[in-house]
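Asks: Protein chains in written order, with my numbering: chain R, 1 to 758; chain E, 1001 to 1292; chain D, 2001 to 2160.
Simulated from the structure, these hints should not be mistaken for laboratory data.
Be aware that a few hints might be false.
Within a straight-line C-alpha distance of at most 30 Å, the following computed DSS-like cross-link-like pairs (lysine-lysine) qualify [unchecked claim]:
{"#": "1", "chain 1": "E", "residue 1": "K1137", "chain 2": "E", "residue 2": "K1239"}
{"#": "2", "chain 1": "R", "residue 1": "K625", "chain 2": "E", "residue 2": "K1024"}
{"#": "3", "chain 1": "D", "residue 1": "K2003", "chain 2": "E", "residue 2": "K1057"}
{"#": "4", "chain 1": "E", "residue 1": "K1239", "chain 2": "E", "residue 2": "K1190"}
{"#": "5", "chain 1": "D", "residue 1": "K2004", "chain 2": "E", "residue 2": "K1088"}
{"#": "6", "chain 1": "D", "residue 1": "K2004", "chain 2": "E", "residue 2": "K1024"}
The residues making up each chain are set out below.
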Amino acid sequence: MKKYSVINSPVHNIDGIAKVTGRATYAFDVKLPSMLYGKILRSPYPHAKILNIDTSKAERLNGVKAVVTGKDTLGIKQGIWRRFKELCDEEILSRSKVRYIGEPVAAVAAVDEDLAEEALDLIEVEYEPLAAVFDPVEAIKEGAPQLHENAERNINVTRHIEWGDVEEGFKEADYIREDWFRCSSQHHVCMETHNAVASYTPDRKLTVWTSTQSHYYIQVLLAWTLGLRENDIRVISRYTGGGFGSKFELDSAQFCASLLSMKLFRPVKIVLTREEEFIATKRRTPMFYYLRTGVKKDGTFLAKEGRVFTEGGAYTSMGATALYLTGFFQAFPYVWPNYRYDGYRVYTNTEPSSAMRGFGAPQATFAAETQIDLIANDLGIDPIEIRRKNAMYAGYEVPGQAWIQSCGLRECLDKVEEWIKSRGKLPLNRGIGIAAYGFMSGGIFNWFDTPYAFSSAMVKVNIDGKVDLYIGSQDMGQGSNTTMAMICAEELGIRLEDIRLHMGDTDICPVDLGAWGSRETLMQGNAVKMASAEAKQQILEFAAAKLAPNIVYDLDIKDRWAHLIARPERGISYYDVVIEAIRGRDGQPIIGRGHYTPHRKGMISPAYSFGVQAVEADIDPDTGKISLINCVTAHDCGQVINPLAVEGQLEGAIAMAAGYGFTEDLPMDEGKILNPNLVDYKVLRAREMPETKVIEVETYEPEGPFGAKEAGEGLTNPTAGALSNAIFHAAGVSIKNLPITPEKVLNALREKDDKKEQ
Amino acid sequence: MIRDFVYLGPSCLKEALTFLSEYKDKCKIIGGGQSLLILMRQGLVSPEYLIDIKHLKELNHINFDSKEGLKIGATTTHRAIEKSSLIKEHFPVLIKMEQNLASIQTRNWGTIGGNLAHADPAGDPGPVLIALNATVKIANKDRERTMPIEEFFLDYFETALEEGELLLEIQIPVTPPKTATVYEKFNIIKNEQAIVSVAASITLDNNGLNCTDARIVLGAAAPIPKRVKEAEQMLVGQKLNDGLLDQVCKKASEEAEPVADIHATEEYRRYLAQVLTKKMVKNAWKQAEVSA
Amino acid sequence: MEKKLLRLTVNGEYHELYIKPKKLLVEVLRDELGLTGTKRACDTASCGACTVLLNRVAVKSCSILAMQTDGAEVITVEGLANGAKLSPLQRAFLDYGAYQCGFCTAGMLMTATGLLNENPTPTKEEIKEGIQGNICRCTGYNSIIRAIKAVAEGKYKEEE
């Protein structure tokens, strides 16, 4: 008999029909009676005082209903790291100072979008430009322009992680290598740009339709900055057109639309243009990396020291987390007896850098895995072998940081090794490179300072057997809606079509912290499983009463059949027992509640996924151009819940992570982003994709629902490193400066040829 | 944001030319609008009058004649060119060029005339048509004139079209015997605009040994699609050999006038010009050897 | 600014609209006709999320002046299904999970529909070339290619 009835089978995404018929209504599509359109005026300077804003001309334009500036706000410096007030440094509508090109200074509401845009030109802002600084290494110097009063030398956050004694480790080492890396920025490029429709009504309640990864966070942050009661705000986000880490902080569309609506008591819609999306949302944290690594001559890892400067941009945002995670995942997925990491996040007059899929781990993995191949090459050790020798394993404790309860890394290495061997001898100018990674399944640290459980769920069983499932998680495309419904169906013993899902609405849904940090499957999944189990228990009480089995027998429900586990033929239909259960309890529907908060699970995460990826790539030696041929990934996400979603996440991650590796970049000139459009910012398209293959390595993670862990964010970690290693093996050059453009490859090839001749 | 304008939908070419002469610098022509609308959205172009020639039947044709060659009307879509069996038979390089131009959606509506009039130095048709020795027919209300397409491009986004003039047709002469034309563009994401491109046309003598004519055109390496005539001259009268090829492509790279931008340095563009010229000259030569 | 008459058949229904000449086709579809299935995700005709069929061929509706479509027939994503009978491509997309956030999906479906209208049996390469004008940030394209290929191979027949 199949182990599970629902999970681990390919199913139609429960939002599928809405999405393929064009009926899914995103915030982008919302239109309300009397709705006005808003536009935001943004600073052209990277650093300047705001001396005066004259909005009178704009207000007089026929069709303009209101103009707001920082003076119309409570002046609250907000931030998502609420637990540390000094890290809450962003006003959104700045009152006194602007710190990056694109920072909002005013917002307009008018009867149509074009008028609102015209009105922006009529707002007169008097700036006093200040000296600006763009490079973290420059910003940290004495005498550099200061962005924030309380941040001496522009140091925003520092992080230190240490175990063992690296100096002792280096003394023992037979071989030590030092390398410097430059990890570029990257933009999320969600297809749905940031937007919000805010409606403040005469009963002084605010409703905001928006595209978000966490309606709960937006609700709380709006309440804080607008001076409203949290639950007088309703945030609705039924469908989110992409997130990737860009949409769980309060953004300018949400804030300004709300502000304008509160002034006018009319709905106001603000949709960011693609250009605003590029310059004035948030982006991946660029990092300057130094790694010093010591190993034995047989490849045993002894000591690693990492020092990282991150270009923080103008505000803290989620950058503190990226700083920590990069230092933590620098040591993944291997056993390092001695490790030290020092990270510095430095304010600069650029667009704030924050969270993007991988959250500092892709940068860490790129640097670490590139260096490991270089070390392996220097010592004459096979790249798979050196990794196998040092791989993490189930039961390992990262000293003082984390317990690894499930780990399929060794098997992943074996599977990838098998595939590489099957490729045989490669043609000229082609190489295969690998990278191994690990990633978290949700974070432990309550930096948001929520009083709630990290995730909650509720299940309500109705008389006809249809189940209402209430969850707080947000589906931004990663498929969490379907995954949660599958977990509920599996636990309750019913089918997907028996479930009616409620999500994306703070009025109705229990709190969940949101879709970031790869937390939904494990945290929301656990809460859903618990709620479903509680509901099932109540149903089984009545089944037991009906079936009157011997006390030694256990009951369960599978595929709508409540039965004795040992004697499955003895049972009662789920529909019948539900009727009995409801009738027997005063006509009350059956309700189950669940929640999950990680307790005593280490410093970072309750569980970790692992994987190994191989990238096969061609280099054109004449131009340096890279072509991706194959990408094979063996990964361990514990028990797979939603296989179509996992495969989709993998293929999507490859496109995004390969882009990070060789095509995407945000070049700036004096703080101005030079390619804020989809012509000059290059994302991979269909013809650039390699053939992809996913190999599931099944483990069981005791912490996760049915043994499941994350799948989707961790998969973004390895590709840049695997690609740089593929180029190394194809052409003998190692490029440590992302993105790996053809020009960089060509220059490296020439340098290598020049060295040969010398 | 697009500014308001008066929309004019002429029913025939004569009417369109009359509008053009009447509204002078206050009007713009729209073909498919695939380039124009983006400029208008960004506020870079804001005409008071927009003359829509998209549906003018007189400008939408692909004709071939064994004496006069190929004639393509200005409002012929890229897709029609891409799918034309006439063009496949006689000028297959145009098919290859179109297949790598933008996207199918853009090609379904955008016109060849609009592309040429936009005069983006990174445009694909320009270099290929110059290599094919094309001429363009231009008209105003009073008269028509033709010019070699080489002379049509003056500078970045600037053509020889005078006020009141409209591009009517592109004419490509019949391919001489022992001639082949090839085109390739270098980009990171397929179908996106060229970082550098090269079109090359080689004509050999009857024995297929010596070169009698060469046309090498660089795209996205100068303010206009540029014929590298010094490089071409090195080939005329010669047999192909590796040494000569190296000299020719180096010369082509010297004649280039590339700019540096976020996609490539000037040095890399020169280098690409060299690499692509070598490849295209070699390919064209080989194809010419076996051609009729 | 004087509005002009636009006669447009959308998903089989005839409409007479008075619009400002500067309106783009996507604005007419989304704002005048309320057909919000078609999306916009860029301002440079790069992403393809706005793709519709115009006289049976795929175009980017954000780059079509609405006045140029006078008398034309447009099909949007809302016009693919017939009640509960989804088109073969829609069914294939569901089976192959060829969408995630869904924002590019309408554009992808319309591009794919146009592709198969012209060439019912494209090769994998031709499919990739066919959707090269559409950006998807979520799926990595391969599931979309598999779904279109399955339809091209005849695995999905039109429902009776």
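Asks: Next step is simple, just say for each hint if it's right about the structure.
Replies: Tested hints:
{"no.": "1", "hint": "E/K1137 x E/K1239", "result": "violated, 36 Å"}
{"no.": "2", "hint": "R/K625 x E/K1024", "result": "violated, 47 Å"}
{"no.": "3", "hint": "D/K2003 x E/K1057", "result": "holds, 26 Å"}
{"no.": "4", "hint": "E/K1239 x E/K1190", "result": "violated, 34 Å"}
{"no.": "5", "hint": "D/K2004 x E/K1088", "result": "violated, 41 Å"}
{"no.": "6", "hint": "D/K2004 x E/K1024", "result": "holds, 23 Å"}
The structure fails to meet hints 1, 2, 4 and 5 from the earlier list, while all remaining hints are met.
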